[in-house]
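Q: Residue strings, one per chain:
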Amino acid sequence: MKTYTNVKDLGDLKAAVKEALEIKKNRYAYKHLGENKTLLMVFFNSSLRTRLSTQKAGMNLGMNTIVLDINQGAWKLETERGVIMDGDKTEHLLEAIPVMGCYCDIIGVRAFAQFENKQDDYEEKILNQFIKYSGKPVFSMEAATGHPLQAFADLITIEEYKKTERPKVVLTWAPHPKALPQAVPNSFADFMNEADVDFVITHPEGYELGSQFVRGAKIEYDQDKALAGADFVYAKNWAAYTDPNYGKILSKDRAWTISTEKMALTNNAYFMHCLPVRRNMIVTDEVIESPQSIVIPEAANREISAQTVIKRILENL
Amino acid sequence: MKTYTNVKDLGDLKAAVKEALEIKKNRYAYKHLGENKTLLMVFFNSSLRTRLSTQKAGMNLGMNTIVLDINQGAWKLETERGVIMDGDKTEHLLEAIPVMGCYCDIIGVRAFAQFENKQDDYEEKILNQFIKYSGKPVFSMEAATGHPLQAFADLITIEEYKKTERPKVVLTWAPHPKALPQAVPNSFADFMNEADVDFVITHPEGYELGSQFVRGAKIEYDQDKALAGADFVYAKNWAAYTDPNYGKILSKDRAWTISTEKMALTNNAYFMHCLPVRRNMIVTDEVIESPQSIVIPEAANREISAQTVIKRILENL
Amino acid sequence: MKTYTNVKDLGDLKAAVKEALEIKKNRYAYKHLGENKTLLMVFFNSSLRTRLSTQKAGMNLGMNTIVLDINQGAWKLETERGVIMDGDKTEHLLEAIPVMGCYCDIIGVRAFAQFENKQDDYEEKILNQFIKYSGKPVFSMEAATGHPLQAFADLITIEEYKKTERPKVVLTWAPHPKALPQAVPNSFADFMNEADVDFVITHPEGYELGSQFVRGAKIEYDQDKALAGADFVYAKNWAAYTDPNYGKILSKDRAWTISTEKMALTNNAYFMHCLPVRRNMIVTDEVIESPQSIVIPEAANREISAQTVIKRILENL
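Residue numbers (my numbering), protein chains in the order written: chain X, 233 to 549; chain W, 233 to 549; chain H, 233 to 549.
If you are wondering where the hints come from, they were derived from the structure by calculation, not from laboratory data.
Quick reminder that beta carbons are idealized off the backbone N, C-alpha and C, glycines included.
There is no bait here: all hints are sound.
Here are the simulated distance ranges between beta carbons: (1) W:L245 with X:E392: 41 to 51 Å; (2) X:K410 with W:G367: 24 to 34 Å; (3) W:E348 with X:E312: 43 to 53 Å; (4) W:R486 with H:D320: 14 to 24 Å.
From just these sequences and the hints, can you work out the full model?
A: Structure below.
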């Protein structure tokens, strides 16, 4: 593997999950792979899980790890070519990226959608410049349109908890006070569409996701109907994707909050969320604290998805 | 050891100091203990000594170390249950804490008193949530009411410098421009009351510390009398503890500043302070730069106290 | 080597470059040197290259590395003696420096010129306090008047790319929107004056550098004349050094920007810059993206210059 940005980079998905579960049993078995190798983690945005789990994954593999927070102790970066740089930005990405590539063997990048320009976001302008100019293998630690380490961890978690061969998995929109990118639901759909599950997406009208991610998935605008018989409820907020409302909040309707009543519609489903989660907006205290909530084991699998991806990149260096 | 928040967690105090002094002689002798173990250091507040010395202690023990500054590159955390999280706080401690626990073997936590609610501070609300919810051994890197790594380092230092079997140790309040927590004097009293020393506390009226820390210690409101014959002078500012003045500054009287004249009252005492110290408020330039000032060896022992604590936790994993 | 602040600390310069090129071929050959040794990197200012390359260099040598950003998660530091510290600065450098020295074996320091007081800057007040009070070997990661890791990397790069025994190297001033220190041009001159090159400096009148760095170098006020026949063009902005204009911007004349037309005057010269660079102020997009631009390999050599310096310090511990 040279790049990790979406489900296709994993190839055979069943094999990838199997490899992840093997790694989970013995996470220090591959320490030789990372000897004298350096992982650079570049953050343009805040992070808790990704910061810790990816660093841990690199260390499990014997790597040296370096964390770089752009905007904290580094220089502000220009991203446009042709600009006369007489403002507050000290360095251009076109220099900064290959420079970062000089001092490491693998680069992880976090660069959220900025909601200023849909085309820039959906062309993954920053992530793709890293892929093009860094000279090193690059993996996404959540970019503008996808969060494939999260979705891979989600799939591992579903594999661990499922009670039937082909569980019903429902991705449901839920309300939130701020406009959030579509990266998590995009990647979750990207993965579920390739996995052996019965996948349904539910959200208010106007919140349709990009067809490149939704593909053939069933869309059900009535949340209660969608939740009926679900084995896994995956809640997430996102801002509108479709024009002319890209990046806008169309609803904060707390009737979509996942509550005990909503969970009662399901087949005793497990509750999932990528975290961080706004309690009593996305989900009530009762549901997230219930035995059916598997948000913590789901988060714990972030270490495993990251380690599987980095291991494969190391094997291919 | 599973938790380290106060002197009792060390058990036999003489044995703990002896172990610390053994570690100091050969600090790389226990590197095998930390192999494939990860230390996570979580800071809700600023830190220099604790940041460096605890990281160094973990590395001495062969651990992987990860530093997380909440409020810098992570998410803002909600601490109250039941809140509808539609404000600026993105994540709840009730998720963040077990998530942090997923990616490490031991957690150090720094969370100062906030002086907003005495009960919250003195119940160690944040530290205790880490102990309760992280699923991993937790040690205090200075919490609301105690700084036991500092007090342990102080005791080690007194053991190294004392000239008599049972030295006189004076904890003296000193002026400071800002309201400071009682964590350091609390823990110092907590330790001195269990150590083989003649312990006296001096401060202006109104600055009484909590009785759970002071216990039977002698309180002398006349600083000059307290300093008479002292072998060690331990200066520190703190804000008022007793109601209704909790968290308030009652005095900035520089007559309490430790000066050459004050030190002349002692038995050629050593001067100690946990640092950071405000010069010419707490102590004059002359005293802190004098040969009797042992603030630097005291700070150096922070590495040793941290390593002793982490070693014991590792041995108990 | 105990201290690294200027070219003289390297001794025989040809031998140093030779050693660097050997290290570059096999950068993990000296991992035993750094075992159980800790590198502390202290930043008073922003950093990308230095942060990453020096950390990488320490790791290549098997060291534990700790990064400390003063002003981010540490305490604000007072630098003047005698101050009554009742303001916003919590700790004095006179305590903070020896404390930092307690927890490491080698210290790298970044502390830029502040342009408040020329004498303070040119006496290297902060760097020299680290040298005097830390008790540990100190190297400059760019201080007020010099950036010797950069200049050493520059010399290594010139050695790798030169086509003639004694190339013509031109240091040219270029425009920039903000007042920048003289550290980089000072050190570049310091190194070039000791290297086997034909060294010319060009800048507008009023931008003369300190004679301790310029020494016998040729100064040519006409940029076009200076560039004629150049093998290497080293562009850099700096603010005025000479009184009464110390720290001031005297010109933002973009006629000094390095463009294709300017490069056409040279002997097909390589373009160099220490980065970060303001595109279309210092240099046009065309020139910095041309095959003659060697800014990235130059940056990559920062790892090598740092590793050579740290290796020599380790060998001398």
